[in-house]
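Below, each chain spelled out in residue letters.
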Amino acid sequence: GDSVTQMEGPVTLSEEAFLTINCTYTATGYPSLFWYVQYPGEGLQLLLKATKADDKGSNKGFEATYRKETTSFHLEKGSVQVSDSAVYFCALNTDKLIFGTGTRLQVFP
Amino acid sequence: DAGVIQSPRHEVTEMGQEVTLRCKPISGHNSLFWYRQTMMRGLELLIYFNNNVPIDDSGMPEDRFSAKMPNASFSTLKIQPSEPRDSAVYFCASSPSLAGGEETQYFGPGTRLLVL
Numbered sequence: 005g006d007s008v009t010q011m012e013g014p015v016t017l018s019e020e021a022f023l024t025i026n027c028t029y030t031a032t033g034y035p036s037l038f039w040y041v042q043y044p045g046e047g048l049q050l051l052l053k054a055t056k057a058d059d060k061g062s063n064k065g066f067e068a069t070y071r072k073e074t075t076s077f078h079l080e081k082g083s084v085q086v087s088d089s090a091v092y093f094c095a096l097n098t099d100k101l102i103f104g105t106g107t108r109l110q111v112f113p
Numbered sequence: 022d023a024g025v026i027q028s029p030r031h032e033v034t035e036m037g038q039e040v041t042l043r044c045k046p047i048s049g050h051n052s053l054f055w056y057r058q059t060m061m062r063g064l065e066l067l068i069y070f071n072n073n074v075p076i077d078d079s080g081m082p083e084d085r086f087s088a089k090m091p092n093a094s095f096s097t098l099k100i101q102p103s104e105p106r107d108s109a110v111y112f113c114a115s116s117p118s119l120a121g122g123e124e125t126q127y128f129g130p131g132t133r134l135l136v137l
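From first to last, the protein sequence lines stand for chains W and A. Counted the way my numbering counts, the first sequence spans residues 5 to 113. Counted the way my numbering counts, the second sequence spans residues 22 to 137.
There may be inaccurate statements among the hints.
Stated by the list, open to error - Here are a few chain A residues that face chain W, going by a calculated C-beta distance under 8 Å:
1. Gly63
2. Leu66
3. Pro75
4. Asp77
5. Pro91
6. Phe95
7. Phe128
8. Gly131
9. Leu135
Stated by the list, open to error - Each pair of labels, with its calculated beta carbon distance range:
10. Gly24(A) / Glu19(W): 43 to 53 Å
11. Ser18(W) / Glu83(A): 44 to 54 Å
12. Asn72(A) / Ala57(W): 37 to 47 Å
13. Ser108(A) / Asp6(W): 39 to 49 Å
Claimed, not checked - Result set (BS3-like, lysine-lysine): computed pairs, CA atoms no more than 30 Å apart in a straight line:
14. Lys60(W) / Lys89(A)
15. Lys100(W) / Lys45(A)
16. Lys99(A) / Lys100(W)
17. Lys64(W) / Lys45(A)
Source of the hints: derived by calculation from the structure; they are not laboratory data. Every residue, glycine too, gets a C-beta built ideally from N, C-alpha and C.
All chains, full assembly: derive it from the sequences and hints.
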């Protein structure tokens with residue numbers, strides 16, 4: 005069946021460091037791909053998405069490119085801030101959202 | 022827009038009691054989803070509705086769980102009887118439509134359930 009695999013966390017970085025969170029997927033067909041973010045005590049909110057191969061989603065300095073050849077959708081940010089500390093979920097959607105296990109990011113000043 | 026509204030935000034109950042969680046989706050959204058989040062199992066889709074009709078309830082863990090959507094602006098998730106292993110955060114989400122998976126889902130703040 006369809007599935008999403010994310011890198012294990014926590015990821016611990018200093019402010020202004022470069023961030024990569026790896027995400028790969030397995031799916032039949034052509035899913036849409038998403039990154040959601042969950043801040044402490046809150047629900048998930050969409051960070052960015054891409055609906056077809058080679059699309060790049062971007063928001064708040066975060067980017068991810070839909071790579072069909074490597075079945076990947078890695079999340080990147082050039083310079084993280086303390087306020088980016090949260091749990092990040094990669095997800096795919098064919099007829100329903102399937103989430104990865106989440107990656108906790110901790111950014112220290 | 023108020024976003025997805027869930028109530029209660031916190032619920033503490035004793036084993037064997039009935040628990041009812043409530044959700045009001047974003048106005049105009051036709052699809053509604055119930056999720057459960059635990060440390061052990063992560064995020065699990067329990068059930069989803071489209072135009073108030075249940076489409077897939079294969080994620081509902083057992084017969085103690087039931088969900089209804091009597092109209093476009095209200096849904097309930099009921100656990101009867103509740104057990105300690107049901108302790109989790111339950112999220113409701115809505116989206117404009119199913120639309121082949123392109124639609125964004127908007128999540129509520131969740132209900133944190135503790136069954137003693």
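Exercise. Against the earlier hints, flag every one the structure doesn't satisfy and list their numbers going up.
Key: 3, 5, 6, 9, 10, 12, 13, 14
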